[in-house]
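Q: Using the sequences plus the hints, can you model the full thing?
Chains Z and S supply the protein sequences, listed in that same order. Each residue of the first sequence is one higher than the last, beginning at 0 in numbering that gives the first Met the number 0. Each residue of the second sequence is one higher than the last, beginning at 0 in numbering that gives the first Met the number 0.
Check the hints yourself; a few may be wrong.
Pairwise CB distance ranges (calculated) [unchecked claim]:
hint, chain 1, residue 1, chain 2, residue 2, range
1, S, Ala149, Z, Pro79, 41 to 47 Å
2, Z, Met80, S, Ala150, 54 to 60 Å
3, S, Asp164, Z, Arg39, 53 to 59 Å
Mimicking DSSO-like on lysine-lysine, the simulated pairs with C-alpha atoms at most 30 Å apart in a straight line are [as the list claims (entries may be wrong)]:
hint, chain 1, residue 1, chain 2, residue 2
4, S, Lys39, Z, Lys54
5, S, Lys133, Z, Lys54
6, S, Lys39, S, Lys334
7, S, Lys334, S, Lys133
8, Z, Lys60, S, Lys133
9, S, Lys334, S, Lys110
10, S, Lys110, S, Lys233
11, Z, Lys90, Z, Lys54
12, S, Lys334, S, Lys182
Worth flagging that the hints you see were computed from the coordinates, not collected in a lab. Ideal placement from N, C-alpha and C gives every residue a C-beta, glycine not left out.
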Amino acid sequence: MLIQIDYQSDVPIYVQLSNQIIEGIASGQLQPGETLPSVRAMAADLGINLHTVNKAYAYLKQEGFILIHRQRGALVRPDPMPEADEAFLGKLETQLRPLAAEAVCRRMDEAAFLEACRRIYRQFGYREGS
Amino acid sequence: MNAAMLVLLIAVTLPLGAIVTFMPYLTRRTESFGVSIEAKYYDDPEIGGMRRSYAIGTGTFSLLAVLAGAWAAASLGADHLGWLLPAAVGGMLAVHLALYLRFHFRMRAMKKQRGLVSAGMQQTVVATEFYREKRAYSMAWFIPHLLVAAATAWICIAYYDDFPDRIVMQYGMDGTPTNVVDKSPGIVLFPVWIQLLMIAIFAVVNYSISASKQQIDAANPRNSLRRNLIFRRKWSAFTLVTGFLLIVLFGSIPLQQLLGFDFNVQLAFILSIVIITLLWAVRLGFVTGQGGSRIRLPEEAPPAADGKVNRDDDKYWILGQFYFNPDDPALFLEKRFGIGWTLNFARPLAWIIFLAPILVVVLLVYLAERG
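A: This is the structure we're talking about:
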């Protein structure tokens with residue numbers, strides 16, 4: 000898959016990087032077990048500090064999206080992710096809260112808010128009829 | 000023998016002149032005289048005018064250098080090639096550099112005025128599958144080179160007694176020996192040392208072709224990725240094949256000493272290898288362009304429609320020629336004004352790779368002179 004990093008964005012580079020890898024896994028552009036460029040190669044290709052890529056990979060590893068092998072480098076988790084649990088639901092709600100609040104402040108109606116959520120969800124989730 | 004000298008002079012200076020003259024037309028469309036621009040400005044009349052002025056200036060001088068060199072080669076004695084060829088090549092490169100710098104500073108001034116890379120749209124694109132693609136031919140292709148070097152070494156050792164007592168280290172173009180030393184195993188094996196040094200250099204070049212960081216055009220990622228892979232493989236093949244020819248060339252030296260075959264045969268052999276290498280390099284340069292930018296793909300994926308452009312990295316390029324970025328772990332990357340790869344001079348290993356071959360050559364020449 001193509002990873003695109005914007006340098007003028009307010010979103011830090013390591014967040015852009017980890018978000019796009021998660022999106023790649025969700026959409027199937029990154030297959031289970033697929034190898035990712037090593038930290039060094041990724042940092043060289045982006046022309047950024049090793050530390051920045053390390054931070055993204057460490058986050059993805061901690062969340063269980065990728066594995067880091069000593070020999071094979073980084074790879075997408077071969078088995079399915081654990082199903083959404085209480086902890087994930089909590090995280091989801093915490094992160095959605097400020098956006099929902101802003102939508103209310105801007106008088107966006109509920110249907111439009113939900114429609115936006117649905118559209119984004121389906122960009123990833125509808126590939127395998129799930 | 001003047002004819003051979005003339006051929007060598009023209010064979011070297013003409014392709015070199017063609018490459019330096021048309022260099023601004025061979026770079027990526029996102030660079031102009033070592034300055035990052037958006038591809039859409041490549042065809043800007045002012046920038047196009049600079050390319051033309053550069054090409055006319057460099058082209059005229061290169062042509063004069065070829066003609067003057069040819070005239071001098073034809074009228075002076077054959078023993079003058081030793082300085083004539085370096086002088087013609089040096090003059091060409093000096094004019095190329097002077098004109099480059101002039102237009103580089105002009106481009107910088109123009110960019111200050113007009114921008115040329117929109118601040119809000121800069122992006123770097125990376126393909127996660129890049130390092131799984133075939134980027135260069137396998138290092139196993141150096142086995143034939145090593146076999147030729149081994150055969151050369153075997154001939155030198157097995158027939159050591161048959162070599163003449165005095166070994167010619169250097170010939171003038173007229174075939175008269177200009178440096179003769181006493182026979183010793185180190186001297187007889189001298190061509191083998193050169194072969195091994197060259198194999199090491201070609202192996203590093205082939206590795207750098209495969210390891211050099213991916214540089215994908217953000218405005219057209221899919222196509223530029225495909226072009227870049229073709230570009231790398233073509234230059235890898237060039238390195239392997241012309242490298243092999245050079246190894247064979249050095250392998251012929253002990254044979255010539257042993258069998259004493261005609262000097263003209265040796266000279267014709269050298270000339271044809273030099274000519275093949277240079278013509279192939281020029282042809283590839285025009286076919287691929289830097290990074291594969293001139294390669295025509297059978298079918299093109301549509302370019303990205305989001306208006307994104309490459310990141311402006313001018314601040315890491317000293318005079319638009321030397322990359323110095325301590326934050327970038329990359330060792331090898333594409334040159335900006337030229338075809339091929341360069342080093343990130345902020346990394347100590349880059350200096351070692353840059354200086355090691357020079358030191359080894361100096362050492363070998365010193366040892367050879369001492370006999």
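Q: Take a quick look at whether Z:Lys90 and Z:Lys54 sit within 30 Å of each other, Cα to Cα.
A: holds (20 Å)
Q: Between S:Lys334 and S:Lys110, is the straight-line Cα distance small enough, at 30 Å or below?
A: Cα-Cα ~20 Å, so holds.
Q: Note whether the CB distance of S:Ala149 and Z:Pro79 lies within 41 to 47 Å or breaks it.
A: violated (54 Å)
Q: Given the hint that S:Lys133 pairs with Z:Lys54, test it: the Cα-Cα distance must not exceed 30 Å.
A: holds (29 Å)
Q: Taking only the CA atoms, is the gap from S:Lys110 to S:Lys233 under or equal to 30 Å?
A: Roughly 34 Å separates the two Cα atoms, so the pair is violated.
Q: Given a hint of 54 to 60 Å, does the C-beta separation of Z:Met80 and S:Ala150 actually sit inside it?
A: With Cβ atoms ~58 Å apart, the hint holds.
Q: Regarding S:Asp164 and Z:Arg39, is the given constraint of 53 to 59 Å on their beta-carbon distance met?
A: Given range 53 to 59 Å: holds, Cβ gap about 55 Å.
Q: For Z:Lys60 and S:Lys133, compute the direct alpha-carbon distance and say whether it is at most 30 Å.
A: Holds, at about 28 Å.
Q: Does S:Lys182 sit within 30 Å of S:Lys334, going by the straight-line distance between their CA atoms?
A: Since the Cα atoms of S:Lys334 and S:Lys182 sit roughly 44 Å apart, the hinted pair is violated (cutoff 30 Å).
Q: For the pair we were handed, S:Lys334 and S:Lys133, check the Cα-Cα distance against 30 Å.
A: Roughly 21 Å separates the two Cα atoms, so the pair holds.
Q: Would you mind confirming whether the straight-line C-alpha gap from S:Lys39 to S:Lys334 stays at or under 30 Å?
A: Judged against 30 Å, a Cα distance of about 21 Å means the pair holds.
Q: Is it true that the CA of S:Lys39 sits at most 30 Å from the CA of Z:Lys54?
A: Violated, at roughly 36 Å.
Hint compliance for this structure: hints 1, 4, 10, 12 are broken, all remaining hints hold.
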